[in-house]
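Residue-level listing of the chains:
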Amino acid sequence: MRICKNEMRMGALSLAVSSALAVMFAAPMSVYAEESWEDEVATIRHPTNYIELGAESVSKDSAKFGEYNGLNEKGGKAIVNFSVRGGDAYEGGDGITRWSLAGKDLGTTSRELGVALGKQGRWNLKVGYDELRHNITDTYQTPLQGIMGGNVFTLPPSFEAFNAQSATSARVLTANQLGAFHTEDVGTTRKNTSMAAGINLSPELSLKFDYNHLAQSGAKLIAGAARGGEAVPGTATTWRAEAVAMLMNPTNYKTDTFNLSLNWVGESGHLTGGYFGSLFKDGYDRLSYENPMMTAAATPVPGVFQTTTLGTAPDNQLHQLNLSGGYAFSPATKLAGGISYGRNTQNTAFLAGMPETVLAPQASLDGLVVTKHADAKLTNRTTQALTLSATLKYNERDNRSSSNVYQYYAINNVTAVDSSANAPYSNKKSELELAGDYRLGKSQTVRLAYDLEKITRQCGDYALASNCLVDTDNTENKLGVKYRVKASGDLGLNVGYSIAKRKGGYDNNAITPLGGLDANSLTRVNSQDYVGFVAVPYAARTQNVLKAGADWQASEKLNFSAEGRYANTKYDSTYGVKDGKTWGVNLDATYNYSEDGSVSTYLSQNRREQSMTIKQNNAAIVASATAIGVPANSSWTNDLKEDGVSLGLNAKQGGLMAGKLELGGDLTYSLDKTGYETQQNYAGATTGGLTCSSPNILSCGVLPDIKSRLITFKLTGIYALDQASKVSVGYMFQQLKSDDYAYNAFQYGFTSSRLMPTNQTSGSYAVNVIGASYIYSFK
Amino acid sequence: MKTTGALLALLLCSGVFHATAVAAADDDIEMRKILKENDCFKCHAVDKTKKGPSYKSIAAKYKGKEAEGEEKMIKNITTGPMVKLEDGSEEEHKIIDITDKQELKKLVRWILSL
Amino acid sequence: MKQARQMLLSACVGMLLVSGAAFGADEPAIAGDTTVAPAKAPAKDLILKGDAKCTGCHDEADEPIGRATMLELNPGVLAIATTRHGVKGDERTPTCTDCHGESKDHINFKGKGKEKPPAPDRSFRKITATPAAERNAACLTCHKGDKRTHWEGSQHAANDVACNSCHKVHAEHDPVRNKKTQAEVCFTCHKNERADTHKISTHPLAAGKMGCSDCHNAHGSAGPKLLKKNTLNETCFTCHAEKRGPFLWEHQPVTEDCSSCHTPHGSNITPLLKSRAPFMCSECHDGPHNSDVPYGTVAAGIQGGYANPNMNPTENATGRGCMNCHSMVHGSNHPAGALLHR
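Protein chains in written order, with our numbering: chain A, 8 to 786; chain B, 117 to 230; chain C, 615 to 956.
A portion of the hints provided could be inaccurate.
Stated by the list, open to error - Listed next, the in silico EDC-like pairs over lysine to aspartate or glutamate satisfying Cα-Cα at most 16 Å (straight line):
no. : chain 1 : residue 1 : chain 2 : residue 2
1   : C       : K726      : B       : D155
2   : C       : K728      : B       : E146
3   : A       : K564      : A       : D595
4   : C       : K730      : B       : E208
5   : C       : K793      : A       : E138
6   : C       : K663      : A       : E191
7   : C       : K740      : A       : D558
8   : C       : K794      : A       : E98
9   : C       : K761      : A       : D217
10  : C       : K794      : A       : D458
11  : C       : K728      : B       : D213
12  : A       : K493      : C       : D774
13  : A       : K126      : C       : E705
14  : A       : K564      : B       : E208
15  : C       : K724      : B       : E219
16  : C       : K839      : A       : E460
17  : C       : K839      : A       : D458
18  : A       : K133      : A       : E119
Unchecked claim - Estimated spans, in silico, between C-beta atoms of each pair:
no. : chain 1 : residue 1 : chain 2 : residue 2 : range
19  : C       : V775      : A       : L553      : 15 to 25 Å
20  : A       : D497      : C       : T755      : 26 to 36 Å
21  : B       : G204      : C       : N773      : 41 to 51 Å
22  : A       : F720      : C       : L887      : 44 to 54 Å
23  : A       : A555      : B       : D213      : 31 to 41 Å
Since the hints were derived computationally from the structure, they do not count as laboratory data. Beta carbons are placed, not taken as given, at the ideal position from N, Cα and C, and that holds for glycine.
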């Protein structure tokens with residue numbers, strides 16, 4: 008800093024301090040009176056470059072805290088950020104060369120690095136690298152041996168099967184089995200390497216190319232189920248017991264994405280033609296694991312496997328040609344639109360020699376999906392006050408894959424062969440939108456919009472003579488009105504209402520790939536659903552939405568805004584989702600109490616409700632003396648209730664200590680709850696006097712809420728040592744309290760005999776992070 | 117943590133030897149903010165001639181005659197008389213938002229001290 | 615000594631705060647309309663070609679004091695020099711009046727008491743008399759086509775969102791063009807999504823690894839809800855290509871619309887689900903196997919009160935529910951995977 012430089016010469020300072028500070032004051036800016044204003048302007052032109060070096064320390068291990076920020080481990084991490092730019096374009100003359108080099112978070116697994124170079128108006132080139140490690144869990148335990156990210160998992164040689172005991176209460180893990188469990192840090196890493204180039208062939212014509220290579224590794228958790236297969240000791244019955252294990256499903260993927268486009272921009276029109284390609288490769292074609300529910304000595308029984316194999320995502324490719332453009336017939340009338348044609352193929356060889364496959368008529372799918380798109384939008388400013396627009400869109404997914412009947416063993420089936428025909432699902436979607444905006448005077452606007460959406464679904468080359476799906480088409484009409492007014496210079500209000508009616512067409516005779524457990528599997532209609540039940544995405548419904556908002560700039564320094572939304576949906580089907588309601592409120596206030604200081608706060612609250620009625624399709628179930636007997640034609644309901652609250656408070660104060668210190672604080676609180684309640688519309692008629700809420704059955708009742716509460720508190724201080732140097736100190740506290748009943752199933756000592764424990768928890772944490780860094784800026 | 121310690125030490129050292137500059141710098145910033153808020157810098161730069169003379173040249177002009185300078189300047193910024201611009205044309209001088217005599221005196225004195 | 619030191623100090627502070635350079639007195643800059651016969655040498659452009667009539671007043675002397683302020687009531691303008699709009703050598707680069715209009719009234723304003731000059735022809739302030747469409751027209755003269763092909767009549771255009779509602783042209787760094795700061799800009803209006811990013815299951819928006827523009831094109835698009843690609847699924851597949859297929863055995867809602875089950879901005883139910891198995895699955899299935907069986911607190915297992923010593927809480931409801939067995943929900947390419955088990 009200039010003051011200090013001069014003061015140093017005049018005042019008395021220790022040599023150590025002055026030399027240390029001298030290093031920091033190496034900024035190239037000059038202060039001397041001999042400089043011309045041109046030099047000063049030159050300095051204004053120069054971009055601000057900076058290098059930030061520091062360290063941060065994390066107080067605890069937590070995969071959930073470090074989910075995306077790379078701070079999942081306790082300890083220190085380096086803070087390395089920098090951005091340097093240069094080139095003669097910044098000199099103010101005729102130069103047009105610009106280059107930049109930037110890096111962020113280089114000390115963590117969320118690092119990114121980029122370099123760019125170009126001559127503005129002529130060409131540009133960019134190369135970048137971006138890494139992201141998605142930490143999923145660090146509490147997962149498994150007895151299976153194999154690396155995280157690999158695709159073969161085996162059991163230790165001395166591992167005995169569990170579930171072999173006839174008395175369920177005797178099915179506990181032995182000490183030997185418990186000893187085999189070990190913890191794995193599960194996560195996936197994405198590494199994106201990208202390159203982008205552009206060249207201006209002429210003032211109107213430019214060519215752009217970009218390429219991205221995404222390499223993924225690591226794993227996500229997936230459940231794998233296989234038949235237990237052990238006969239119950241002392242009985243002749245083979246025991247139907249799906250055996251479920253949580254596995255580390257490898258994400259060994261590579262995705263290459265290409266974009267090539269030619270852009271032409273003229274006086275009244277513009278046109279872009281391009282190619283988009285996406286090539287996906289999976290490094291593994293299967294995930295194999297040894298089934299811990301099986302002993303090594305089990306007699307091979309059809310449908311019973313010691314090693315279970317799951318398929319993984321097959322390689323696929325998409326090649327797409329796009330053309331889009333616009334034309335202005337006049338300043339008031341404009342047309343824009345585009346067309347696309349894409350081919351998506353997949354022909355990975357099926358896993359061969361699998362014992363569960365009884366008949367596979369093909370060795371691979373030879374899959375092809377042709378996607379077509381067309382859209383056109385016409386806007387017309389009919390008068391000063393009225394603007395009209397009309398939009399047409401068409402999208403088609405034409406699945407031209409072949410269809411055949413396959414025979415296989417289901418996982419809960421020992422002897423019966425099941426059959427299904429694969430369905431090449433296709434659909435055609437058309438949309439029409441007509442809208443008009445009318446300005447009433449200077450401050451009011453009314454918008455009226457009508458939307459028509461129609462979707463029809465087809466089955467391509469389906470091997471069966473019937474439809475492959477029940478919901479053959481849907482049509483939705485929506486009418487909306489929105490009114491906006493600027494009540495005074497500083498108060499804006501808006502209110503809108505829309506009503507949408509959706510209808511559907513159904514083919515209850517459709518035979519879907521769901522199959523069945525007997526020779527009639529290829530004749531089961533209506534997806535085996537009760538006629539009168541309609542799946543929610545396709546059900547006829549009426550939806551009303553009301554929105555309102557206000558924005559008040561109370562003064563130049565104070566701003567308030569409020570908005571609310573209420574939506575009500577009623578479904579027409581007898582069974583299925585019956586209705587849904589959501590409402591939400593958002594309140595914001597910002598107060599800039601001085602040039603250097605501001606405080607802002609917000610509150611968001613929302614609630615969502617949904618209820619469904621399901622018919623107990625099967626006839627009375629009398630499974631055992633402990634189960635409820637369900638009367639025929641009875642039904643049950645399930646209600647979803649979700650609440651969310653989010654609060655935030657943010658404060659910034661700069662200009663402290665003669666403009667050198669800037670403080671910032673941020674506090675956010677969010678609480679989300681989701682709850683389910685099941686009720687049965689029949690009186691429990693049982694043997695033994697049990698009701699649905701009896702602790703031995705629990706088929707009705709209110710589930711404990713899935714709750715998460717997140718508190719984040721951040722405090723930052725940036726102190727400017729001089730024009731070039733700053734020191735930044737930051738502190739963050741984040742706490743997540745998560746209650747989720749889903750994890751109960753995975754705990755030791757609980758073990759449903761059919762579910763291997765993993766000891767996973769919901770990831771609650773309380774973590775402190777403190778960091779400090781030195782930022783050197785220069786021009 | 118070591119880095120943090122070193123950085124904090126550095127911060128403290130700079131803090132210490134900046135302390136003496138702080139008091140004077142505070143005033144400078146306050147005065148400049150007032151000038152900026154009232155759009156003074158649109159016509160007067162500190163050390164460059166724009167539509168109006170630079171503050172340095174004003175300070176130089178009234179060197180030794182501070183009382184007269186103060187009076188003239190306060191008259192300009194409170195009554196808005198016609199003034200001659202550097203390009204020869206004439207225009208009313210802007211009247212600023214400050215009316216308190218003490219504050220006005222503080223402001224013009226600061227300008228004359230440049 | 616003290617006075618000299620103070621003077622030097624003030625001079626230094628002055629020079630520092632006005633970006634650190636003193637000026638030679640031999641190069642005056644003259645503001646004002648160049649059509650008026652200048653008494654001295656013609657005004658010199660500061661940053662852009664022909665900006666002399668503006669930078670006569672809006673020059674480095676008039677930049678904000680110290681570093682960028684919070685409020686930005688009167689933001690600095692010269693930082694535009696560090697942006698692409700400041701590259702004089704590129705013949706396409708506009709000058710001040712190309713965007714703000716000729717503004718003769720503003721330039722020729724003669725002082726009158728406390729009055730401020732009238733706003734330029736096109737004013738881009740927070741409170742402005744220039745309608746959004748007119749402000750946008752300035753930008754669209756050059757920035758048309760390519761990603762802005764579908765701007766006219768798009769959701770933002772129809773709601774009077776102006777280019778400068780999101781973009782800061784005069785700032786060295788435009789926050790909306792940087793992934794780490796982009797979401798904050800969008801949250802000024804999209805408050806529901808702001809609340810969603812604080813939920814337990816989200817895309818890496820809060821961590822700054824993704825920005826809203828990774829999925830959306832705010833300037834208008836052919837897809838629904840301003841998504842970048844023609845359909846929602848296509849947009850998701852740009853990063854999640856492993857779900858594109860086509861698979862041998864497909865799950866129909868997956869082929870039509872990922873948002874049948876997922877909600878992209880944030881959810882209380884991992885992973886980004888609208889609801890949870892088995893209840894979510896019962897929204898579409900009520901016949902096969904367990905989808906029509908009621909599950910109450912048994913889904914919470916023994917900890918939920920299930921006490922039967924001879925049976926165990928069924929894995930059809932606990933843990934991942936239906937997906938304990940039907941784990942290949944996005945589709946399967948296994949010849950024996952018709953029921954999405956493998």
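How the hints compare with the structure:
| no. | hint | verdict |
| --- | --- | --- |
| 1 | C/K726 <-> B/D155 | holds, 13 Å |
| 2 | C/K728 <-> B/E146 | violated, 21 Å |
| 3 | A/K564 <-> A/D595 | holds, 14 Å |
| 4 | C/K730 <-> B/E208 | holds, 12 Å |
| 5 | C/K793 <-> A/E138 | holds, 14 Å |
| 6 | C/K663 <-> A/E191 | violated, 62 Å |
| 7 | C/K740 <-> A/D558 | holds, 13 Å |
| 8 | C/K794 <-> A/E98 | violated, 29 Å |
| 9 | C/K761 <-> A/D217 | holds, 15 Å |
| 10 | C/K794 <-> A/D458 | violated, 36 Å |
| 11 | C/K728 <-> B/D213 | holds, 8 Å |
| 12 | A/K493 <-> C/D774 | holds, 12 Å |
| 13 | A/K126 <-> C/E705 | holds, 12 Å |
| 14 | A/K564 <-> B/E208 | violated, 30 Å |
| 15 | C/K724 <-> B/E219 | violated, 27 Å |
| 16 | C/K839 <-> A/E460 | holds, 14 Å |
| 17 | C/K839 <-> A/D458 | holds, 14 Å |
| 18 | A/K133 <-> A/E119 | holds, 13 Å |
| 19 | C/V775 <-> A/L553: 15 to 25 Å | holds, 22 Å |
| 20 | A/D497 <-> C/T755: 26 to 36 Å | holds, 30 Å |
| 21 | B/G204 <-> C/N773: 41 to 51 Å | holds, 50 Å |
| 22 | A/F720 <-> C/L887: 44 to 54 Å | violated, 29 Å |
| 23 | A/A555 <-> B/D213: 31 to 41 Å | holds, 39 Å |
Checked against the numbered hints given earlier, this structure breaks hints 2, 6, 8, 10, 14, 15 and 22; the rest are met.
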